[in-house]
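Protein chains: 2
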Amino acid sequence: MSIPSKVQLIDVGPRDGLQNEKTPVPAEVKIGLVQRLQEAGLREIEVTSYVSPKWVPQMADNHEVMAGIARQAGVRYSVLTPNLKGYEAAVLDQPDEIVVFGSASEAFSQKNINCSIAESIERFAPVVEAALAAGIRVRGAMSCTVGCPYEGEIAPGRVEYLAGLLKGIGVQRVDVADTIGVGTPRKVQRAIEATLRHFAIDDVSGHFHDTYGQALSNTLAALELGVWNYQSSVAGLGGCPYAKGATGNVATEDLVYMLHGMGIETGIDLDRLIDAGAYISGFLERKPNSRAAVALLNKRAG
Amino acid sequence: MSIPSKVQLIDVGPRDGLQNEKTPVPAEVKIGLVQRLQEAGLREIEVTSYVSPKWVPQMADNHEVMAGIARQAGVRYSVLTPNLKGYEAAVLDQPDEIVVFGSASEAFSQKNINCSIAESIERFAPVVEAALAAGIRVRGAMSCTVGCPYEGEIAPGRVEYLAGLLKGIGVQRVDVADTIGVGTPRKVQRAIEATLRHFAIDDVSGHFHDTYGQALSNTLAALELGVWNYQSSVAGLGGCPYAKGATGNVATEDLVYMLHGMGIETGIDLDRLIDAGAYISGFLERKPNSRAAVALLNKRAG
Chain A
1 MSIPSKVQLI DVGPRDGLQN EKTPVPAEVK IGLVQRLQEA GLREIEVTSY VSPKWVPQMA
61 DNHEVMAGIA RQAGVRYSVL TPNLKGYEAA VLDQPDEIVV FGSASEAFSQ KNINCSIAES
121 IERFAPVVEA ALAAGIRVRG AMSCTVGCPY EGEIAPGRVE YLAGLLKGIG VQRVDVADTI
181 GVGTPRKVQR AIEATLRHFA IDDVSGHFHD TYGQALSNTL AALELGVWNY QSSVAGLGGC
241 PYAKGATGNV ATEDLVYMLH GMGIETGIDL DRLIDAGAYI SGFLERKPNS RAAVALLNKR
301 AG
Chain B
1 MSIPSKVQLI DVGPRDGLQN EKTPVPAEVK IGLVQRLQEA GLREIEVTSY VSPKWVPQMA
61 DNHEVMAGIA RQAGVRYSVL TPNLKGYEAA VLDQPDEIVV FGSASEAFSQ KNINCSIAES
121 IERFAPVVEA ALAAGIRVRG AMSCTVGCPY EGEIAPGRVE YLAGLLKGIG VQRVDVADTI
181 GVGTPRKVQR AIEATLRHFA IDDVSGHFHD TYGQALSNTL AALELGVWNY QSSVAGLGGC
241 PYAKGATGNV ATEDLVYMLH GMGIETGIDL DRLIDAGAYI SGFLERKPNS RAAVALLNKR
301 AG
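As you go down the protein sequences, you meet chains A and B in turn.
First residue of the first sequence? That's 1 in the UniProt record's numbering, and the numbers climb one at a time after it.
First residue of the second sequence? That's 1 in the UniProt record's numbering, and the numbers climb one at a time after it.
Everything labelled a hint here was simulated from the structure, so no lab data went into it.
Do not rely on the hints blindly, as some may be mistaken.
Stated by the list, open to error - To give an idea of the interface, some chain B residues facing chain A are shown, with a C-beta separation under 7 Å as derived from the structure:
hint, residue
1, S52
2, P53
3, Q58
4, A292
What the hints assert, rightly or not - Straight-line Cα separation of at most 27 Å, DSS-like style, residue types lysine-lysine; simulated pairs:
hint, chain 1, residue 1, chain 2, residue 2
5, B, K287, B, K299
6, A, K54, A, K85
7, B, K85, B, K111
8, A, K111, A, K54
9, A, K287, B, K287
10, B, K54, B, K111
11, A, K111, B, K299
12, B, K85, B, K22
13, B, K111, B, K167
14, B, K111, A, K299
15, A, K22, B, K287
16, A, K85, A, K111
17, A, K299, A, K287
18, B, K287, B, K22
19, A, K287, B, K299
20, A, K287, B, K22
21, B, K22, A, K299
22, A, K299, B, K287
23, A, K54, A, K22
24, A, K111, A, K22
25, A, K6, A, K167
26, B, K54, B, K22
27, B, K54, B, K6
28, A, K167, A, K85
29, B, K6, B, K167
30, A, K22, B, K299
31, B, K85, B, K167
Computed from a predicted model, the values in this text were never measured in an experiment.
C-beta: ideal position from N, C-alpha, C; glycine also.
Build the full structure now, drawing on both the sequences and the hints.
Here you go:
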């Protein structure tokens, strides 16, 4: 398999990133971030979620944010929907894609959403059905595909099982997420190979956390399998809820730096992406959690 | 080429790392660091340099440090020698290996040591000759093999040229260093391939900086060419003199985490390595500049 010449990135910063930030971020800043991301060339942006504000107060402004963004043709705006109630709220805002989720780890599923993997997928079935009937695309986020904070290492067979369940309810594409960032190249490849038993290569995206500094080497390993869709978070927004003070989502800037250095097209303007990251990092009063961004911002400062 | 099943690491933290730290580190702390590194299983340690204290005051205690370390059988202790005077001082301390250096970039050579690449190698010829005659091994550090802070991108032909000059004066093995961390997987592979025209695979080591977050993906790319010797710095000691506040040497912890995750043997005990990094980071009053170390220390703290 030769390495893809083109990669599509989904920036999950506004949702997966900001959801894990302690500082409350007003809707207008989120809207400003989405604007800067699309100006930087991002063609897929995960904007918000429709989870109860009791659990995720950070996303309580979902309607306001979705109404406020200046949608651009050719950009796909996705939102996370945890259940039918969330979907019904989301559909009012006309997302291009909804995201449902499942864990490859039973223990994580139980602790996180209080039901088994099979039950969680069953609950999502009517959500997926409704979305597809309404012409909305459906993505499935598979968490803990390499390791779990409760169970430790996850066997590829568990990933295959989860991918099969998601395929079974009509999910169109899936993310192979290393939620706690413990993956290394070969393990990540095995999780992807397990996913490929149910989904075509074009419908599989890599979602690697940089908690242990492994996200880019895992991306290289995934590229070598032909995976050309990846998720990342501008300025490395998000942190890691399972390891205080540690890094979470890989920074979009680091990923783009690598891809461009390898001659792989992303359609992204790295300079404008750095601007987007500097904008939200400025609001959060810290440096971007991205080595490439810090190095390039230093270079700009001269 | 299949990925090597065993990797040998050279920890350059005591020399290349501490040389770039602003906080003065007393000899006894350096000795304590070397001790902890060998206890963690490191079999090659770059201990100090014999550069004029006018230029590098951080290494003025070279004799004291070399006299103070409790040498362990099977561990190779290397030192940097910039010229014959430095070599003559070094030889009193009986290093196992000396390190000479050259840049693949003419501009860097001029700015850094005020002479051309060819002249710099010529000056090293008597040093190499003396070392080999004394039964001391000689390693050549090749800087700027991918990019240069003054010239920008470096063509692989320049690396081949430098490698040829080093081979010509009797250097036994070489480091392919990405001094400013701008390299990405394919570019690094081209620099290594250029080096392999003059040195056997067993005599080539990768030395990647993490300034742009690329060091581990570059390591994976080098592993795929069969390179099984790498340099790194415990706790990511060193920073980057060309980009203030940016990361320098890849952290040994991050590298070991990846290698072990891939089932590659290093002989290193990651827990004790974390201890070594925590020791020096504690002295420097900061967190280790290693994502794996921070995540694992958080995990320990519970």
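Tell me, in ascending order, the numbers of any earlier hints that this structure violates. Numbers 1, 2, 3, 27, in rising order.
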